[in-house]
Amino acid sequence: MMSEEMDLLDLDINEEFDEEALKKESEELLEMRFLTKENATFARTEGGFVSLKFGEKEYKRVGVYLTFPLTNPEEYISIREADEKAKEIGMVEDLKQLPKDQQEMIREQIRLRYFMPVIKKIMEIKEEYGYAYWYVETSFGVCRFTTHMSGDVVVSLSDSRLLVKDIDGNRYEIPDFYALGIQEKKKLDLFI
Amino acid sequence: MKLLFSLTGSQLEALALSAGERLIYCVPADLAYEVRRAGEMQTRGGLAAAESGSEGGVRERYEKDVFLAATNKRLVVLKGDQVTYQTELKDCEKIKCEHQVGCGIITVTDRNENDTCVARVSMRQIVRASYAVRGAQAIVRSLKENGDADHAEQITSSEYETYCEKCGRALPGTSTCPYCEGKMDIAKKFMSLCGGFVGKLLLISLSMLVISGMNMGLPMVQRWFIDNALSTGKGTWTDLGIFVGISFAFLIGAILLEVWKNLACIKLGSELSMSLREKLYRKIQVLSLSFINKRKPGELMNRVSRDTGRIREFFEEVFGYMFSTLLTMIVSLVVMLTISPVMTGLSLMFVIVVFTLMRIFWHHIHTIFHRQWMKSDELSNNIQDIISGMRIVKTFGTEDREAERFSKQARDYAKTQSRNETFWAVFFPILTFLLGCGTYVAVLIGGNNVLDGKMTMGQLVQFMTYSGYLFGPLGWMTHLPRMVMQMVTSLNRIYDVLDEEPKIKDRDGSKEIAIRGHFKFDKVSFGYNSYEPVLEDINFEVQPGEMIGLVGASGTGKSTMINLIMRLYDPDQGQIILDDVDLRDVKVECLHSQIGVVLQETFLFSGTILDNIRFAKPTATLAEVIQAAKAANAHDFICKTPDGYNTYVGEHGYNLSGGERQRIAIARAILNNPKLLILDEATSALDTESEFLIQQALNRLIQGRTTFAIAHRLSTLREANRLIVIDKHSIAEMGSHNELLEKKGIYYGLVTAQLKMAEGRPENVAANTSEQTAEDGENVAG
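Protein chains in written order, with this note's numbering: chain P, 26 to 217; chain S, 578 to 1359.
In isolation and in its complexed conformation, chain P is listed as follows (with noise of 0.2 angstroms):
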C-alpha cells in the first residue's frame, strides 16, 4: 500500500467509505463553482455576518475568503462554510457582478476579515537597541507600533508598494513609497 491513503484518512471518515461518493468529492474539490446573482442571494444577519442562499441550500453564515487579497482583492472571492472545516461553498468571480447592496456587504465582510491599515503619514521613526519605533498615521487612525530591525521587515510587494509587519504580527501597508515625503522616505532609510 502506498502512502496516498494517509490523505484518505483525511476525508469524512464517519461516513461508510463509499467510492462512488468519494470520487464525487473529489470531483466537487475540482469543479470551479461560480455564485452569481442568478443562483446565489447573500444577506445581513443580526450577528453583524451574512447569510447565503444557493440553489436550494441555506447558509445561515458565511466566510468570505479573498483568494489575491493584496492584487486583485474584488475578483475571485471564495465563499466558504462557517465552521472549522471551511468547505468552499462557491466563487464570487467579479464582486461587480452582484446586486449594488449585495455588494456593499461582501465588502463589509472583507473588512472585518482583513486587517491592513494602511500608513498614510509617517510621523516618527525612532531607533533604540534592536527596534524601531514607529509612530504613523494610518487609515484607522494614528499609532505607534515597534518593528525589529532586520531585513524582513519591510517587504516590497512591487516597486513601490511596501508591507510592514510589526513584533505581534499586524501588517500595515504604505501603498506608494514615491509618494511619501522627502522626510517620510529618509525615515525608511533604515529599511529599505
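Hints listed in this document are in silico derivations from the structure and should not be mistaken for laboratory results. Quick caveat, the model's predicted, so the values are computed rather than measured. All residues carry an ideal CB built from backbone N, CA and C; glycine is no exception. Do not rely on the hints blindly, as some may be mistaken.
Chain P side only, calculated, beta carbon under 10 angstroms to chain S, not exhaustive [claimed, not checked]:
#: 1; residue: Leu137
#: 2; residue: Thr171
#: 3; residue: Thr172
Given the structure of chain P, go ahead and fit chain S onto it with the hints provided.
Just chain S now, kept in the frame of chain P:
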C-alpha cells in the same frame, strides 16, 4: 500575560455588577467592529457612515477605551463608560475568538446557533483576547454542567507581554523590562554572577588603578623634568638619565600590567560566559518541552551562543577599560582645568564641534551601513535559496534567469559597499583633523603663554599629554551606554531561561518504580496552549503487556496522548496513573529509562551509527548493538556502508534514507530493553517488505510489554489487543479489531477505505509482496 485589566470608577459603575457577580476577565479590544446588521440602514449608535469615517458599514478605527469583560454571569463590551453589548452567559452556547487575517473577532453563538460578532482585536491583543474568551467559555460550560460558575476553570496565561506596561518599549523576549524593573534585579544578578570570581575582579580593578596612576603620573614627571632640568639649562646628563629611566620604567610597567590585565579580562570573560553557557544548556535540558516549544529553536540557540558571547565580549572589550578610562578622563580634565581653564575650554569647543558633526551624520552613517548589512543578508539568503532549490531550478531550466538575478544583487551590494567605504574614508580623517585642530589652537595659546612667561614649558607639555588622555577614548565612550545596555539585555535574556522553573520536575515524594505497565487515564484534558484544548476528558485503562493501537485522522491528538504518557507534558486536568502511582509522582529519569520510543520524526545525532544506537544505553556491548540492529532489520544496510557501524551520520555525515534512519531509531529503542514501548508511526517511512520484516521483530519485542502504537497503515496495528479511535479531541471508539468492525463506525470506515484503495489500484497490489496482500485480507476478515 495580564487578563484582568482594571476599570475606572465610571466604567465599573456602567458595568453594574449585581449581587454575587464579580469581574473575572477584562481585556482591551483595540479595533472598532461595528458592522451594519440586518434591518439597519446605518451603523449602530445612529452614526452615519460618513461621520464615523467609514466606507460601507464597517468602522475602520483603532479604539482605545473598549474592553471585553467577563463576569461569572455576563459577557459585556464596554466603550468608555457605556455598555455597547451584553449577554447572559447562561444563554450562550459558545464564545469564540476567531482568527481572521491580521485580526481576530470575538463571536457569541446563542442557543439557536446564531453567531454574533461582539468585538474585534488586532494582532497585538489577539493572544490576550483568546485566553480571556477561553476563560469565558469555561464559565459557559460550568454554568451548563453545574448551574454555577464556581467550578469553572480559571484560565491564566504564561505567555509574556510584548510591550512593557510602564515605558512602552518592546520586551526582548523577557518577562520583565530590562529598562524599568530589570535594572536593580540585573545588578544583583550581575553581582551573583561575579560572585565566584571576586578575587580576580579585585585584582583586575587594582591593576586598572595602578595603570591609571602610572598614566597620570608620567606627565607629572615630564613636567618636573622640563621645568627643572631642560628649560632652566641647569640639567645634567644624570637628570636626563633619571628621567628617561623613570619614563621607560613607567612605560614598560604599564605595558606589562596592561597585557596582564587584558589577559585576565579575556580569561574572566571566557570563564563567565562558559559557566553561563553550561548553566543555560543544563537548564534547557531540564525545562519541560512546553517551555521549549513556545520558543523558536533558533532563539534558544541564540541565547546559548550569542547572548553568552555578548557577556564575554563585554568583559573583554568594555569591562577592562571602562573604569580606568573613566577615571583617567576625569583626572585629566581636572588637571587640565587647574593648568589653564581657557585652553581647556578652547579644546573642548572643538570636541563639541566634532560631536555635533558626528550627531548630524550619525543617522546617515548608521543608515548606509545598516543598508549594506541588509543587502549582504539578502545576498546570502538568495544564495542559500538557490543552492537548496538547485534541483527545481535545473528541472525548470531557469539557471540563466537565476544567475542574472544574483549577479544584479551582487553588483548592487558591491556598489553600496564601495560607496560606504569611500564615505568613511573621507569622513573619518576630517573628524580626526578637527579634533587635532583643538590641539593646534591650544598650542598656539599655550605657546604664547609660555613666551609671555605666564606658563612653564612643562605645564604646556603636561597639558597636551592630558588632553590626549581626555580626547582619545571619547569616541569609544560614546558607544559605552549602548554596549552596557546590550550586555544587560543579554544577561536578562539568559536569566529569563535560568530563572524559569521547570514545570515537569520531581516532587519531594517522587519515587523510583519498576514499571509493570498498568496505565489508567482518569478524566485527562490537555492543550499546548491553555486556550486551545487538544484532548478532552480522556478515560481508559490499559493492562500490563497490552498493545494499544491509536487511530484517527491527522491532528486529532494521537501524538499528544503519547507525549502525555511519556510525561513530556503534564495534563491540565485529571491524572494519569501508572501502576497505582500518579505519573507525576514517578521520578522522571526513572520513567524515561524504562520507555523505548520510536517517533515519527527520527532524529539522529551527529556521531556514528554506533553512538546513535547506543544513545540510551552507552554501556551496551557490540554484540548487543548488532543484535538490536538485526532485530530492526538495519544490520544489512549498515554492513554495506563503507565504515559499517562506525559510519558518521548527522548533519554533515553519511546520507541515510528516511527508512534507514527509522531502522536505526528502532534499533535504538530495542537496545534499551524497555518495559514500555511507544511507536509513533514507527514504520511509516519503510517499504512494505522492510516493514513486514521489522513488524516481525517488533512483534517479538512487544511480547509482555505495554505498547502504544500510532499508525495510519492499519495493517501495522493488527497485533494490537485493543484499538482506540480518537476523533474530535476525545475517544470515539475503543475495542478489539473485531469489535470495532462489528460496530461499523469510524474504524470500520477506515479499514474498508484502505482495503478499497488497495483493490482499486491493481498496480499497487501487484507491486506489493504477496504476504502483504494476504495480511490485508486477513486483517479485514479479522
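Problem - Hints breached by this structure - result: When the structure is compared with the hints, none of them turns out to be violated.
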